[in-house]
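J.: Here the protein sequences line up with chains F and S, keeping their order.
Residues 2 to 487 (this note's numbering) are what the first sequence spells out, left to right.
Residues 2 to 487 (this note's numbering) are what the second sequence spells out, left to right.
No lab work stands behind these hints, which were simulated from the structure alone.
Cβ coordinates follow ideal geometry from the N, Cα and C atoms, glycine included.
Keep in mind that the hints are not guaranteed to be accurate.
What the hints assert, rightly or not - Per label pair, the in silico range of CB-to-CB distance: (1) A380(F) - V310(S): 19 to 29 Å; (2) T166(F) - P269(S): 19 to 29 Å; (3) H468(F) - I120(S): 26 to 36 Å; (4) Q352(S) - E465(F): 57 to 67 Å; (5) G12(F) - V478(S): 51 to 61 Å.
The chain contents come next:
Protein chains: 2
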Amino acid sequence: MKLLEPLVINGMRVPNRVMVPAMVTRLSGEDGFVTQAISDRYVRYAQGEVGLIVVEAMAIHGSNAGPLLRIGEDKFIPGLKEMNARIHGTSDSKVVPQLIHFMKISKSGWRQTVDMLSIEEIERIVEQFGQAAARAREAGFDGIELHNAHGYTLASFVSSANKRTDEYGGTTLENRLRLIGRVMESVRRYVGDDFPVGIRYLADEFVREGYTIEDARLIGLRMAQLGADYLSLSVGGKFEDAVHTPGHVLHAYSGYSGDRCMPGAKYPPALHLAYAEQIRAFVRGKGYDVPIIAAGKLSDPRVAEEALVSGKLDMVAIARGLLADPDWVRKVRLGALDRIVECDYCNVCKQLDGAHMPVTCFLWPKGAMQAPAADDAAAAPNWPEGNAGITVKEGPNGLTLKWKKAQGSPTYYDVYRADDEGEMRVVDGVKTTMFTDSGLLGGMSYRYYVRACDATGHASAPSEVVHYTPPLPSAAVARAETIGVA
Amino acid sequence: MKLLEPLVINGMRVPNRVMVPAMVTRLSGEDGFVTQAISDRYVRYAQGEVGLIVVEAMAIHGSNAGPLLRIGEDKFIPGLKEMNARIHGTSDSKVVPQLIHFMKISKSGWRQTVDMLSIEEIERIVEQFGQAAARAREAGFDGIELHNAHGYTLASFVSSANKRTDEYGGTTLENRLRLIGRVMESVRRYVGDDFPVGIRYLADEFVREGYTIEDARLIGLRMAQLGADYLSLSVGGKFEDAVHTPGHVLHAYSGYSGDRCMPGAKYPPALHLAYAEQIRAFVRGKGYDVPIIAAGKLSDPRVAEEALVSGKLDMVAIARGLLADPDWVRKVRLGALDRIVECDYCNVCKQLDGAHMPVTCFLWPKGAMQAPAADDAAAAPNWPEGNAGITVKEGPNGLTLKWKKAQGSPTYYDVYRADDEGEMRVVDGVKTTMFTDSGLLGGMSYRYYVRACDATGHASAPSEVVHYTPPLPSAAVARAETIGVA
Numbered sequence: 002m003k004l005l006e007p008l009v010i011n012g013m014r015v016p017n018r019v020m021v022p023a024m025v026t027r028l029s030g031e032d033g034f035v036t037q038a039i040s041d042r043y044v045r046y047a048q049g050e051v052g053l054i055v056v057e058a059m060a061i062h063g064s065n066a067g068p069l070l071r072i073g074e075d076k077f078i079p080g081l082k083e084m085n086a087r088i089h090g091t092s093d094s095k096v097v098p099q100l101i102h103f104m105k106i107s108k109s110g111w112r113q114t115v116d117m118l119s120i121e122e123i124e125r126i127v128e129q130f131g132q133a134a135a136r137a138r139e140a141g142f143d144g145i146e147l148h149n150a151h152g153y154t155l156a157s158f159v160s161s162a163n164k165r166t167d168e169y170g171g172t173t174l175e176n177r178l179r180l181i182g183r184v185m186e187s188v189r190r191y192v193g194d195d196f197p198v199g200i201r202y203l204a205d206e207f208v209r210e211g212y213t214i215e216d217a218r219l220i221g222l223r224m225a226q227l228g229a230d231y232l233s234l235s236v237g238g239k240f241e242d243a244v245h246t247p248g249h250v251l252h253a254y255s256g257y258s259g260d261r262c263m264p265g266a267k268y269p270p271a272l273h274l275a276y277a278e279q280i281r282a283f284v285r286g287k288g289y290d291v292p293i294i295a296a297g298k299l300s301d302p303r304v305a306e307e308a309l310v311s312g313k314l315d316m317v318a319i320a321r322g323l324l325a326d327p328d329w330v331r332k333v334r335l336g337a338l339d340r341i342v343e344c345d346y347c348n349v350c351k352q353l354d355g356a357h358m359p360v361t362c363f364l365w366p367k368g369a370m371q372a373p374a375a376d377d378a379a380a381a382p383n384w385p386e387g388n389a390g391i392t393v394k395e396g397p398n399g400l401t402l403k404w405k406k407a408q409g410s411p412t413y414y415d416v417y418r419a420d421d422e423g424e425m426r427v428v429d430g431v432k433t434t435m436f437t438d439s440g441l442l443g444g445m446s447y448r449y450y451v452r453a454c455d456a457t458g459h460a461s462a463p464s465e466v467v468h469y470t471p472p473l474p475s476a477a478v479a480r481a482e483t484i485g486v487a
Numbered sequence: 002m003k004l005l006e007p008l009v010i011n012g013m014r015v016p017n018r019v020m021v022p023a024m025v026t027r028l029s030g031e032d033g034f035v036t037q038a039i040s041d042r043y044v045r046y047a048q049g050e051v052g053l054i055v056v057e058a059m060a061i062h063g064s065n066a067g068p069l070l071r072i073g074e075d076k077f078i079p080g081l082k083e084m085n086a087r088i089h090g091t092s093d094s095k096v097v098p099q100l101i102h103f104m105k106i107s108k109s110g111w112r113q114t115v116d117m118l119s120i121e122e123i124e125r126i127v128e129q130f131g132q133a134a135a136r137a138r139e140a141g142f143d144g145i146e147l148h149n150a151h152g153y154t155l156a157s158f159v160s161s162a163n164k165r166t167d168e169y170g171g172t173t174l175e176n177r178l179r180l181i182g183r184v185m186e187s188v189r190r191y192v193g194d195d196f197p198v199g200i201r202y203l204a205d206e207f208v209r210e211g212y213t214i215e216d217a218r219l220i221g222l223r224m225a226q227l228g229a230d231y232l233s234l235s236v237g238g239k240f241e242d243a244v245h246t247p248g249h250v251l252h253a254y255s256g257y258s259g260d261r262c263m264p265g266a267k268y269p270p271a272l273h274l275a276y277a278e279q280i281r282a283f284v285r286g287k288g289y290d291v292p293i294i295a296a297g298k299l300s301d302p303r304v305a306e307e308a309l310v311s312g313k314l315d316m317v318a319i320a321r322g323l324l325a326d327p328d329w330v331r332k333v334r335l336g337a338l339d340r341i342v343e344c345d346y347c348n349v350c351k352q353l354d355g356a357h358m359p360v361t362c363f364l365w366p367k368g369a370m371q372a373p374a375a376d377d378a379a380a381a382p383n384w385p386e387g388n389a390g391i392t393v394k395e396g397p398n399g400l401t402l403k404w405k406k407a408q409g410s411p412t413y414y415d416v417y418r419a420d421d422e423g424e425m426r427v428v429d430g431v432k433t434t435m436f437t438d439s440g441l442l443g444g445m446s447y448r449y450y451v452r453a454c455d456a457t458g459h460a461s462a463p464s465e466v467v468h469y470t471p472p473l474p475s476a477a478v479a480r481a482e483t484i485g486v487a
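Here chain F stands alone, though its shape is the one from the complex (with noise of 0.2 Å):
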């Protein structure tokens, strides 16, 4: 499988083409060191053989800033060194932290935007940039990534949402991208040219005032002349659109953006893949060769095999699905793609976060900080003789299946359905015995079955199938018989 071959990015070996994003886990303390729930957050994704591991945002400066991590002084660097020797001792996942620099936001809703930065401003950013990359080598990182994406200080330069006016500012293409060249020589000048280092950015900003692809492709082929040693594509979560909650620091992810940043399950999977196809392309036109990362809903297996096999991408960025089964790779890589907690993209880890709480998944263990230990001879639960008793009932609500518990330790149930005479697929993940379907349309018929899983997923074989065919309205029954067809 094209997953689990190597790419070596800049002497960086990493051992296959999977990468966990960066996401926040806000476990740190307020005073941005690493705990133990942090590290061992990461060391969890080590064990499960990811390939690239990419340490939530460290601010590079000193804004207190809640439960972030920091890198914006020496005191930080013992603490994120044990974290490193933890995780290479694990296995051979490679890792980096994400390097931040962000800018002042309120309760009032009010945020300060680039074109209040001084000039001197812009100078300590370009110098903490630096001067953190250094601080990330010592600490035994194997590259660092710039956080050039979402609402944050460097994505809001290359933004043509950029208001400023001076050489750093909106006015131009060139001018809003003077400031990450200015970053990337500082980087180099504390790391050298032989550290890897990866810049994040949108490929979309999904705001009115923001640039689309046309843009993004010119952006990533100036990140590569630069000497990006890889790209990761994301979109939209952007402070522009986003829903003030009164009393509420802005949130960057609560708008339109932010939506399409993390993309819920109304949305198809692999949706934005399109892009990084069409950046990669671009930039590998130009003559560049930097390996092109994207995220956007390709936690299936078969998704993100097929991304790479068809050349869209180097290497499949999976934030949502590794926290639900940092086990992901492992368990791929045994063939063991049953057996993999699938991420039904409900956004509960988005809305933690939104409301500044730890972020887990809703299919671990009821209270658990971390994605359970693997155990790979536990037995499934399961229903004698596979038997599940499932009901149907038609409600205001839609559809409503009911089932029996299984036996052993259920932690969840996936929901199949099949559409028509399409594949099976989990429709979603539930912790009672019960699920409710708003979005049949008469005509159709519908194939469900559950599975029960344990806390690593393993799961029973399905269980028994029931079909539904909701009935088509008067009006289309009608139509139907006028024109002969049904």
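Given the coordinates of chain F, work out where chain S should sit on it, guided by the hints.
T.: Structure of chain S alone, referenced to chain F:
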């Protein structure tokens, strides 16, 4: 060419595969009657041989809503009939009205939503659509189109943002689809089965609360089941993300979803074609051959033809491109692509609509309320020996090109640019002899020429070509030397 092949829609022979979708003109009086200006606007499309003319949304109800057409009472029939007689007397173009119901909006930013409507009001809407359809038939239209798109009543029921909790509510997909089913039944009762009834709806709502392509495929299937004779796809244009300007009524196209609905110059061509392709494949796969029509930057004849030939669409909808040049189809038929007034997506037309002013095209002669009459024999403007005397100058806003006024009667100039070894493409249409390019990337090479165009798009030969290669910034130069490229 596929573009020029006829398409029979429920007995209506559309002479080619080009539709001008409904565009507000703001040319009617406050009383909603057809004016000379409105009649002239649509006759102009017929002169240009547009296959299917969709007349701007006309209200089926009595609301007072400014200079918008109405069809809610019999008194509106004679004016519409006269307009249709003129259209039919001009060419083989077919003409349908877009029938709309909309809810109340106010200058305070408040708007009525579907959950505020009583069952009696819903029943009235069902009846009003039927009656309006009957009036349309009596007025000599060739069919009708139901406006089930953007921020209006029918689309707001189908939307996943529908907050009702009854049988017309957002609780299930079937409930959301109930009203359009009722409306289709009502319409068929009034006009029978042999009258073409198309539906316009959204392939993606592009708002946080909205549905995506996943639901849009099912919605398309239902429209087909209901006997829609064509499906015309749009996206966005919702009130949920509309930006309220104090003192003005809320405008449905002022937010991000409005930008997606009428995508400006920063978006790539054919940007929503993949949605149409998916919906068409899905509906065809279910056995329905209802023609699929879609809009979204398809005004380049080569792009439009390719969309048809590759089976992604059955007809292309071109709004702004046909506003710019109602003779688009005729010029394609004559092989005179070079004489088309090319829409540059400057969206001045969209701004005029937003400002509640008569909608015209920026490329038309100053003050013109209609596209100028074609004059195929007129000589194009030109420069002596084809030399426009282009000068280029770098400045804080990018590269500025200036050139000499052409001889003859230039109305506007098309600025063409090629990036590296790429094709020459129009990047802007300007009325002065100056253009500033703020989107260049250092390290790429650019070529430009200009063409002087008369009022109907008759263009001079390309001027001399000027070259410009903006320098790479120092950070990229340093990197290129280090890694030995460039």
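J.: Any of the earlier hints contradicted here, and which numbers?
T.: Going through the list in order, the structure violates hints 1 and 5 and respects the others.
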